Every structure is written in structure tokens, then in C-alpha cells.
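Those protein sequence lines, which keep their order, are chains A and B.
Every letter in the first sequence is one number past the one before it in my numbering, and letter 168, counting from 1, is 168.
Every letter in the second sequence is one number past the one before it in my numbering, and letter 120, counting from 1, is 1120.
There's no promise every hint is true.
Straight-line distance between alpha carbons at most 20 angstroms, and here's what the computed SDA-like set of lysine to any residue pairs gives [claimed, not checked]:
no., chain 1, residue 1, chain 2, residue 2
1, A, K101, B, D1364
2, A, K138, B, T1007
3, B, K1044, B, L1324
4, A, K101, B, D1447
5, A, K101, B, R1362
6, A, K101, A, E145
7, A, K138, B, R1008
8, B, K1247, B, I1303
Everything labelled a hint here was simulated from the structure, so no lab data went into it.
A quick note: this is a predicted structure, and the numbers were derived from the prediction, not measured.
Each chain, letter by letter, is given below.
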Amino acid sequence: MTDRCPLCTLARRRGTLSRVIRLENVRKRYPGSDFDVLAGIDLTVESKEFVSIVGRSGSGKTTLLNLIGGLDGDYTGVVEVDGRNLRDLGDAALSAMRNRKVGYVFQAYYLLDHLNCEENVAVAALFARRERLRDRSKARRRAAEVLEHVGLGGAGRRRPTTLSGGERQRVALARALFHRPAMLLCDEPTGNLDTETGAEIVELLRSLHRNEDVTVVAATHDETIASACGRVLRIRDGRLVNGPGSGE
Amino acid sequence: MIGRGWTRTVVVDLLRHWRHFAAASFGIVLGVAALTFFLALGLKARGLLVTQVFPQDYLEVAPRSADIDLFALRLDLGRDALDPEALAEIASVEGVDAVYPKMRLTVPALASGGESLFGSGMLTEIVADGIDPELVSDEVGDTFYEVDALRMSTPCRRDDQCDDVSYCDVSRSFSGGVCRPYIPVLVSPYVVELYNGAFRRSYGLPKINPDSLVGLAFEMEFGASTFRPSSLPPVRERMRLAGVSDKAIPLGVTLPLGEVRRINMALASPEAGDRYHSAVVEVGAKDDAPAVIDAVEEMGLEIRDRGARRAAFATAVILFIVALVGGVLILVSAAHIMHVFYLVVMVRRREIGVLRAVGARRGDIRALIVAEAAVIGFAAGFLGLVVAVAAGAAVDRFAAGELPDFPFKPESFFAFTPTLLASVLALAVIACIVGALPPAYRAASGDPSEALAGR
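Same shape as in the complex, but just chain A (with noise of 0.2 angstroms):
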């Protein structure tokens, strides 16, 4: 394990951090599929760190933060976020987590083309349920704080598809962050990107972390997200890979 996160030492040992994510012998198999693609996952995450799942295309690291995030239901063993267990919420309560607590940058972006890049950043203000999110005007004007944030202050009116792939994946991330959620969930963000670009995205990650007090973990292969987190996971055929506890 290496811990590029002095801080974030030093407050677990001192206990000022507290455990966001706990998964406990987490394991998942597709449906068809005759191997575990997670096969026994123990991994806590604090509060505020930024953690990095390094591993080989299919080695488990989206399923992984699908398993986190609540996008996936289909596993055994027990996933908490925020001292809950995902198993004994219902889709209203894992909506409203998701909808509220996790930000999530895709890979692919999965921005939605025929809305521009404020209502992009906004449609989760849709499905939001306290008044405060669902207000016309502070969703605009957050929506624009956030573009602002990521570098894209004049591209509130602009469509997805006249953006380059780092200014997409600029918008997606500013998306994750219209709710400032408590925990970034990042699958490749530079996986699409070229190197420069993927510097950039990288640099504002570390940026929010240090501003934002948000957890950050990022699935990805490229080494350069991994030097630039406080902890590094290795994740090989669903095994975490740095020997045993090595999530704690």
C-alpha cells in the first residue's frame, strides 16, 4: 500500500477521520459468467481521502464502485456508505443517496447530448427532493458556479457534442459536483483522454480534494492518477492485491 497522504495518516491515527466506505467479503458474480469478477473485497475508505483502484481492464474496478456508488444490488457480503448498509436501503433511500451524497465521473462521460452542458451539470436537480436543490434560479446559478469551477465558465449554452473530450469530461465532473456530494466516484475519468488532458483532469481532481473536503475514489490503469493519491489499491482477477488488509 502507499500512502501519498500524510494528513490523512495522521488524522486516522489520531481518529479525526471517520470510515465512509466499508465493504466486508464483497463478492459478485454475472449472471452467465462462471468466475467471481469481485472475489472477497475488504476495503474502508475515510472520510476525505483519496484512494485510487489500480488494476487491468476487467479486473473488477468499475463493478467495484458500482458496488459502492448503489448502482449495483447484485452482490454478497456488506457494503456500507456513511455508516449504512446498502443491502437494507430501498431504491427510494439508494436514489436519494446517490442523489445527494456520490458524484459520479464516467469514463465514457454519459453526458446527455440534447441538453446543454448548465443543464447537464443540473439534471439531477430533477430528481431532487429538497426544495432547495429544485429551485429554478439557485440551480442555474450553481450550475454555473460549478462549470466556473472546472474551467468551463462560458460553456453554460454550449451542446456536449461541440466540446472537446476533456472539456466533456470537465462538464461531467462538474455534474458530480452540483450536489457537492461527500464522495467522488471516478471510473477512468482519463481513460478516453489524451495525456495532457488527462493531466488536467487529474490536477483538478486533486484540486477538489484539497478544496472541496470530498472523498475521491478513482478506478483507473493509469499510473499518473495513482502517483497523484493518497492511497493506492491494487485490484488483480477481484482481489485487492497488497497483501492482506490491504483496504484498511
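Please build the complex by placing chain B on the supplied structure of chain A, with the hints as guidance.
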């Protein structure tokens, strides 16, 4: 989208897939247009039949029969009479001006006489009913009226010693008679037609002018029958024909209501005086007739009105068939909508995954799809209504210019009522929503990760 949120999302989604939805909506437009066009035509035809061709300002209302055939017998399991409470309920219906009860004679009767008309006397079993003279006052004037048949007045020996409306009854005394009033009766034009058409030929009798019947006197013996002996002494009265009316019983004679009530109570039972077998309802305005008919039928009663009833039934059948065809068209369109939504949901699988990832609940996804279907239903339904109304206007214009005038020719052949338009529009929206429900549930099923992976 911000603020306008859902509305814009729905509209944008529809516009993105407008080709698919336009193709699916075509059936809805066609179905709604056909259904509206023919229903409006049928409603107008029904209105014309009820209010003009067969004017229903007078409706005969009777208890609904519930006949069951059992071997040679037919059992009527329904109620067979109206009581005063039922008459009061009918009178309270909006649009009803007056209610005239009718009472059937519930004892047998024999009629005899007719020498002046047929050349020799005849004796026949006869049926009778009683009506309120007020009901026919417009037709026969004051010649049909309630009489006090028990009144015994001036002693006499011959009819000419009595006044114009009485005769000298010598049957009840050996020493002389008393003047007693004739009981006025009415016959139906059908009786005259039956006589002139078939009866007179069988017996070689002359054809008669209905007007010449007025004033014809004959005797009736109530409680007497050639079929079976009576346990009570019969009541003999002398009748005089006051006129011909289509409100009279079709076969038999119609007496003043009070007379029938008196005879029923005397020879049948005291309770028989409160049992009416039907009632004639006077409707204030002809246009109110359909509503009055509906209200009366809701009371478990039926309308006994020959032409109008048949016409109303025929138009109801036609309306039902038209509605069925239009409904099937809309149902088929709903199935088409379902297929299109399945396709669209499949195309938007990843997009739905993104929405789930940012917090959409399954119900949100379902609501989104259903809202889109509702908009399609409303838009296609509205377009269908426009097509129907436009087609109706074209037909009216053609009819006004090209068709010759004929009785009851209306200015418009269609009744595009607000209720009809709203109902068909609602049907289109409901059909689309129902069609979109299975794809909506499919879209919301599974985990978001499956949708994101396009599975």
C-alpha cells in the same frame, strides 16, 4: 430545463424521437377522428329521432319487466305496478312537467251492444284501463271526464227524461228507473284500424269513419266473464264513446281513472286503488326527453314508447358499434405506442442509467415515460378531434349545398358536444398511458449499472 424541469425534459425527449412518435400517433389521430366523427353523427341522429321525428313530449313509463319462461308459463319477476311514492319520484325528475298515472282494470269485463253500428248486438270479453282525463283534454276536449257513477238522481222511465250525459237505468228497480251518468270511454286509433283492416272483412261489416264512433253507447259488465264465474256480483255500467286517442289502450277501452280505481277497489282489493301499471310523463321541452329517459331508466323503470323506443334502440346499437370500432382502433394504436416506447426505452437505456445514477428513482423514470405518453395522447387526440370537426364541417357544407331538403333535415348532422370531445380526448390520453406502462416499468427495472452498461 432548470426550473421548467420536467416539462422541458418531456418535450425535448419527444422532439428527439418525433419520427417514431409521429408514426405511432397516426393511429391515435385516426381512431380519435373516426370515433368522434361517428359518435357526433350518431348523437345528432339520436337527438333528431327523439326530439323531432318521434317527439317525446309524452313518455309512458312502466316498471321494468323481468320475464323468465318456464315451460308454458312466463314468470314476471319484476315489480308489476307503480305506487304513489314512485310517481312522486318520477315527478321530481328535472324536465318533467306532469305525471299522469294509468291504472289497468284488474277484473274481467264483458262489453255488449253496438246494434246501431253492426246491425246486431255483440258480446265480447274486453280489457280496459283508466287515465287522468287531463291527459287527453287537448285531444278530446271536455267530453272525457270523471263521473260519479254511484250518483242516483232523477227518477225516470225513459232516456229522454234524463240530461245529455245520463241515461235512464231501469235495471235496478221494478217500479221505475233513475238517471245515471254515462261513463265516457276512449279507444285507440289502432282499434279502428284493426276493425277496418281485418275484423270487418271477416264478418262482412261496413268500414267505419272514426268520427262517427263518437257518441256510440254500449254496456260493460265489470267482474263478469265468459271464461269463469265471478264470486262477487258484477257491476254493470253504460259507456259512451267520447273520442279516439293514441293515449288510449291499444286494444280495449280507456275509462276515466277514478272509475277504474273504484271498480278495482270494489271487485279486486282495496289496495288495488293505489297500484298503477304505468304513468304518462309530460316532458316540458322535447330536448329534455333524453335526459328524462335516462333518469327514469336509472330508477329501474322502462319507457314504453313504440317508435321512439325502437329508434332510440337502433341508434344506441349503431352508436355502440361505432364506439366499438373507434375503441378498437385506439386500442390497436395503444399497442403500437407500446412497441414504439419499448424501442425508445431501449435506445435510451444508457441515458436512463445516467438519470438513475444522479438520483432518479424507479418511479421518476416511470413518470417520465408516462408523461411523454400522456403528451402524445393529448396531442394526437387533439389533432384527431380537429380532423373530426373539420370533416363534419365539410359534410355539413356538402349537405347544405348538394342534398335536397327533406323532413327534419338539420343545419348540422353532427353533435360535437364538449362532453363528447373531452371524453374522446381523455380516452386517447388514457390509451397512450396504458400502452406506455409496460415499457415504463421495463425502463425502470434492473440496477442502474445494467442500464449504464446498455444491458
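Here is what the structure says about each hint:
Using a Cα cut-off of 20 angstroms, the hinted pair K101 of chain A and D1364 of chain B holds, with the two alpha carbons roughly 19 angstroms apart. Among the hinted pairs, K138 of chain A with T1007 of chain B is consistent with the structure: their alpha-carbon atoms are about 18 angstroms apart, no more than 20 angstroms. The hinted pair formed by K1044 of chain B and L1324 of chain B meets the criterion: a straight-line CA distance of about 18 angstroms does not exceed 20 angstroms. At most 20 angstroms may separate the alpha-carbon atoms for a hinted pair to count; K101 of chain A and D1447 of chain B meet this at roughly 18 angstroms.
Of the supplied pair hints, the one linking K101 of chain A and R1362 of chain B holds, its CA atoms being roughly 18 angstroms apart against a limit of 20 angstroms. With a C-alpha separation of about 18 angstroms, the suggested pair K101 of chain A and E145 of chain A falls inside the 20 angstroms cut-off, and the hint holds. Distance check on the hinted pair: K138 of chain A and R1008 of chain B sit about 18 angstroms apart at the alpha-carbon level, within 20 angstroms; holds. About 14 angstroms separates the Cα atoms of K1247 of chain B and I1303 of chain B, which keeps this hinted pair within 20 angstroms; it holds.
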